[in-house]
Amino acid sequence: MDIFQNLNVRAALLSVLILVLFLTIWEQGNKAPDVDKPMTEYERLMGGSEPQARVPNPSEIGALAVEELSNPFYDKGPNDKGIGLQLLYSLKRVLLGYLLAALVAIPVGFLIGMSPLMYKALDPFIQVLKPISPLAWMPLALFILKDSEVSSVFVIFICSIWPMLINTAFGVSAVKKDYLNVARTHELGPLRTAFLVVLPAAAPTILTGMRISIGIAWLVIVAAEMLVGGTGIGYYVWNEWNNLDLTSVVFSILMIGVVGMLLDLMLAKATRLVQYVE
Amino acid sequence: MNRKKYFLDAQGLVKQFPAPKGGQPLTVFENLNFGINKGEFVCIIGHSGCGKSTIMNILAGLDQASGGVVLMDNREVAGPSLDRGVVFQNYSLLPWMSCLKNITFAVKSRWPQWSSEQVYEHSMKYIEMVGLKGAELRKPSQLSGGMRQRVSIARAFAIEPKLLLLDEPFGALDALTRGMIQEELIKICEQTGQTVFMITHDVDEAILLADRIFLMSNGPNATIAESVVIDIPRHRDREQIIHHPNYYTIRNHLVDFLVKRSKELNDPEVAAVPHDDNARPAYPPEVNPATGQVSQLIETETTEGSELSRQVVNMQ
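The listed protein sequences derive, respectively, from chains A and B. One point on numbering: in the numbering used here, the residue at position 21 of the first sequence is 183, and numbering is uninterrupted. One point on numbering: in the numbering used here, the residue at position 220 of the second sequence is 316, and numbering is uninterrupted.
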């Protein structure tokens, strides 16, 4: 068959095979113990529940997924919201913090990249602030901002600013001298040089930084929402853990992965748009 | 006494690099004097390291000389300007723009008041001139080296500079493509009467294109040793020119210089020229290998300033 010569087709088949194998082993290796003995007194009193809590099986998770995704946006009070609604809360915070970070990081990165003086002057601050876990800012943010919603946006802001800032500065400072000479010999002013030459030349590096940032922001929002609570996918995971509903926990873990992948794909696509071949 | 004024006049150019810890500073070239007339095509030949590209960058305004001045149209060259178009060795096209946009952005900078139709028409005229019509919407990466260099040349001509600077423009091209683009360059220069200053390594290319060729002695402490007049009549073409009776006389003169004399001149004892404070050679001697005539522009102090006069010296 000719179709099996195609690498993509073969890779897809292999992926499906690995998935099926994994789910089968999971499902088979995670069966409830056989109940051949009659129930004890205690079990009868407890309504015949399983003697031991188990990680849910793929079939249970699948059933829950179908149920949740068929009505993702319902809202039955603070403790029972649809998964889609929770994801939207998280996405709103991530995008808000991320866009604010981009608004600061890209112009400041430009400045640092253009001026060796600013680069050297700001470098110590960046090097110290960059490795701080974004969640370490949370108490300070809560104290100063006095609002859990704003604080979680701030945490996203502070964690996504560094990759964008550093990549923008690097991309701008690494613009080839030849391109700058073209700008100089054509008497382009500083503003036209920035927009016509430096920005397009550095765009792939800047977009790479933005892609790293969105990944980190999505990682951090889950942890931040576990801390501040209320709404969002991170809160949802923690809430379901407190409800001892492990099926929902596993399901939401999967949804976090899927949304993270989609965010990354979007940025990858945007990066491809500004990519150029020398 | 014919007073001569050059369109482009380089006076006493020096380029020095600071010494690496305690040593002597490195003088790449010094005492560099040369002039280019309007409409003239001048090539400069010399071994690597004699500072040809630095000279080009100084003329373009991208680099600064450690001493001396360059005057163009009696105005000092003090920075890059659209009056001087540059074609770099590596083409230097902006890879994220199509060929057309690479030219229109230059045209827009030259004539900011033009409408976009005017800019488009003007740019297309030059794209057609270099034979790239139909490929104007492609990105540089989708073109061959030869085609990229044509875009680069079209860009430089499109801004209609007073002086065109070419830094080994054909160095990276294969022989066939090079020949084709050389002929196109000759054609365009004959149409437009463009003043050109070009760096090359290729003796045959220099004879084909140039009215005069500057020969540089080896660096460090390089200088322009002579200016060779190529009086083979135009229109020249690659096949005919080698049959011209003077072709090999000129070629041998150039090759002899590059192989032997460029080194000897660098030897301070051989190169020592007796100085006469009142009448010093302002420019390198002008040599015509075909006739054997050597002439020298002499600058003499007069009551009204200094005067330049041409004297036939016939040293050879």
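It should be emphasised that the hints constitute simulated quantities derived from the structure, not laboratory data. Fair warning: there could be bad hints in the mix.
[What the hints assert, rightly or not] Each computed DMTMM-like pair below joins lysine to aspartate or glutamate, with the alpha-carbon atoms no more than 25 Å apart:
1) B:Lys-235 with A:Glu-349
2) B:Lys-197 with A:Glu-440
3) B:Lys-258 with A:Glu-349
4) B:Lys-197 with B:Glu-217
5) A:Lys-338 with B:Asp-179
6) A:Lys-339 with B:Glu-280
7) B:Lys-221 with B:Glu-172
8) B:Lys-359 with B:Glu-335
9) B:Lys-359 with B:Glu-264
10) A:Lys-193 with A:Asp-237
11) A:Lys-339 with B:Glu-256
12) B:Lys-101 with B:Glu-256
13) B:Lys-359 with B:Asp-333
14) B:Lys-134 with A:Glu-349
15) B:Lys-235 with A:Glu-440
16) B:Lys-197 with A:Glu-230
17) B:Lys-197 with B:Glu-126
18) A:Lys-338 with B:Glu-286
19) B:Lys-235 with B:Glu-264
20) B:Lys-229 with A:Glu-440
21) B:Lys-283 with B:Glu-264
22) B:Lys-221 with A:Glu-222
23) A:Lys-339 with A:Glu-440
24) A:Lys-339 with B:Asp-179
25) B:Lys-134 with B:Asp-270
26) B:Lys-229 with B:Glu-286
27) B:Lys-258 with A:Asp-340
28) B:Lys-197 with B:Asp-169
29) B:Lys-235 with A:Asp-340
30) A:Lys-193 with A:Glu-402
31) B:Lys-229 with B:Glu-280
32) B:Lys-221 with B:Glu-256
33) B:Lys-197 with A:Glu-229
34) B:Lys-101 with B:Glu-126
35) B:Lys-101 with B:Glu-213
36) A:Lys-338 with B:Glu-232
37) B:Lys-221 with B:Asp-298
38) B:Lys-356 with B:Glu-335
39) A:Lys-338 with B:Asp-159
40) A:Lys-339 with B:Glu-217
Comparing the hints with the structure gives:
Under the criterion of a C-alpha separation no larger than 25 Å, the hint pairing Lys-235 (chain B) with Glu-349 (chain A) is consistent with the structure, at around 23 Å. Restraint check: the Cα-Cα separation between Lys-197 (chain B) and Glu-440 (chain A) comes to about 16 Å, which is no more than 25 Å; the hinted pair holds. Between the alpha carbons of Lys-258 (chain B) and Glu-349 (chain A) the distance comes to roughly 15 Å, so the proposed pair stays at or under 25 Å and holds. The straight-line distance between the Cα atoms of Lys-197 (chain B) and Glu-217 (chain B) is roughly 12 Å, inside the 25 Å bound, and the hint therefore holds.
Restraint check for Lys-338 (chain A) and Asp-179 (chain B): the C-alpha separation of about 23 Å stays at or below 25 Å, so the hint holds. Taking the CA atoms of Lys-339 (chain A) and Glu-280 (chain B), the gap is near 29 Å; set against the 25 Å cutoff, the hint is violated. The hinted pair formed by Lys-221 (chain B) and Glu-172 (chain B) fails the criterion: a straight-line CA distance of about 32 Å is larger than 25 Å. Pair hint Lys-359 (chain B) plus Glu-335 (chain B) does not hold up; C-alpha atoms about 32 Å apart against a cutoff of 25 Å.
At roughly 22 Å between alpha-carbon atoms, Lys-359 (chain B) and Glu-264 (chain B) fall within 25 Å of each other, so this suggested pair holds. With a C-alpha separation of about 34 Å, the suggested pair Lys-193 (chain A) and Asp-237 (chain A) falls outside the 25 Å cut-off, and the hint is violated. For the proposed pair Lys-339 (chain A) and Glu-256 (chain B), the alpha carbon gap of about 24 Å is at most 25 Å, so the pair holds. A distance of roughly 23 Å separates the Cα atoms of Lys-101 (chain B) and Glu-256 (chain B); the hinted pair therefore holds under the 25 Å criterion.
Annotation: proposed proximity of Lys-359 (chain B) to Asp-333 (chain B) is violated, straight-line Cα distance about 32 Å (limit 25 Å). With a C-alpha separation of about 23 Å, the suggested pair Lys-134 (chain B) and Glu-349 (chain A) falls inside the 25 Å cut-off, and the hint holds. Annotation: proposed proximity of Lys-235 (chain B) to Glu-440 (chain A) holds, straight-line Cα distance about 10 Å (limit 25 Å). Distance check on the hinted pair: Lys-197 (chain B) and Glu-230 (chain A) sit about 52 Å apart at the alpha-carbon level, beyond 25 Å; violated.
Proposed proximity of Lys-197 (chain B) and Glu-126 (chain B) is contradicted: the alpha carbons are some 40 Å apart, above 25 Å. This hinted pair does not check out: Lys-338 (chain A) and Glu-286 (chain B) have alpha carbons roughly 34 Å apart, beyond 25 Å. About 23 Å separates the Cα atoms of Lys-235 (chain B) and Glu-264 (chain B), which keeps this hinted pair within 25 Å; it holds. Between Lys-229 (chain B) and Glu-440 (chain A), the direct Cα distance comes to roughly 22 Å. Compliance with the 25 Å bound is thereby established for this hinted pair.
About 18 Å separates the Cα atoms of Lys-283 (chain B) and Glu-264 (chain B), which keeps this hinted pair within 25 Å; it holds. A hinted pair counts as satisfied when its Cα atoms are at most 25 Å apart, and Lys-221 (chain B) with Glu-222 (chain A) does not qualify at roughly 70 Å. At most 25 Å may separate the alpha-carbon atoms for a hinted pair to count; Lys-339 (chain A) and Glu-440 (chain A) meet this at roughly 14 Å. Under the criterion of a C-alpha separation no larger than 25 Å, the hint pairing Lys-339 (chain A) with Asp-179 (chain B) is consistent with the structure, at around 21 Å.
With a CA separation close to 31 Å, the supplied pair Lys-134 (chain B) and Asp-270 (chain B) exceeds the 25 Å bound. Proximity of Lys-229 (chain B) to Glu-286 (chain B) is assessed by CA-CA distance (about 21 Å); at most 25 Å being required, the pair is judged to hold. Of the pairs offered as hints, the one joining Lys-258 (chain B) and Asp-340 (chain A) holds, with about 22 Å between alpha carbons and a cut-off of 25 Å not exceeded. Between Lys-197 (chain B) and Asp-169 (chain B), the direct Cα distance comes to roughly 31 Å. Violation of the 25 Å bound is thereby established for this hinted pair.
Taking the CA atoms of Lys-235 (chain B) and Asp-340 (chain A), the gap is near 17 Å; set against the 25 Å cutoff, the hint holds. For the given pair, Lys-193 (chain A) sits about 22 Å from Glu-402 (chain A) by alpha-carbon distance, which is consistent with the 25 Å threshold. As the CA atoms of Lys-229 (chain B) and Glu-280 (chain B) are separated by approximately 15 Å, the hinted pair is consistent with the 25 Å bound. Between Lys-221 (chain B) and Glu-256 (chain B), the direct Cα distance comes to roughly 12 Å. Compliance with the 25 Å bound is thereby established for this hinted pair.
Under the criterion of a C-alpha separation no larger than 25 Å, the hint pairing Lys-197 (chain B) with Glu-229 (chain A) is inconsistent with the structure, at around 54 Å. Using a Cα cut-off of 25 Å, the hinted pair Lys-101 (chain B) and Glu-126 (chain B) holds, with the two alpha carbons roughly 22 Å apart. For the hint linking Lys-101 (chain B) to Glu-213 (chain B), the alpha-carbon distance of about 40 Å lies beyond 25 Å, and the restraint is violated. Simply put, Lys-338 (chain A) and Glu-232 (chain B) have alpha-carbon atoms about 24 Å apart, close enough for the 25 Å limit, and the pair holds.
With a CA separation close to 30 Å, the supplied pair Lys-221 (chain B) and Asp-298 (chain B) exceeds the 25 Å bound. A distance of roughly 28 Å separates the Cα atoms of Lys-356 (chain B) and Glu-335 (chain B); the hinted pair therefore is violated under the 25 Å criterion. About 16 Å separates the Cα atoms of Lys-338 (chain A) and Asp-159 (chain B), which keeps this hinted pair within 25 Å; it holds. Annotation: proposed proximity of Lys-339 (chain A) to Glu-217 (chain B) is violated, straight-line Cα distance about 30 Å (limit 25 Å).
Of the numbered hints given earlier, the model fails hints 6, 7, 8, 10, 13, 16, 17, 18, 22, 25, 28, 33, 35, 37, 38 and 40; all others are met.
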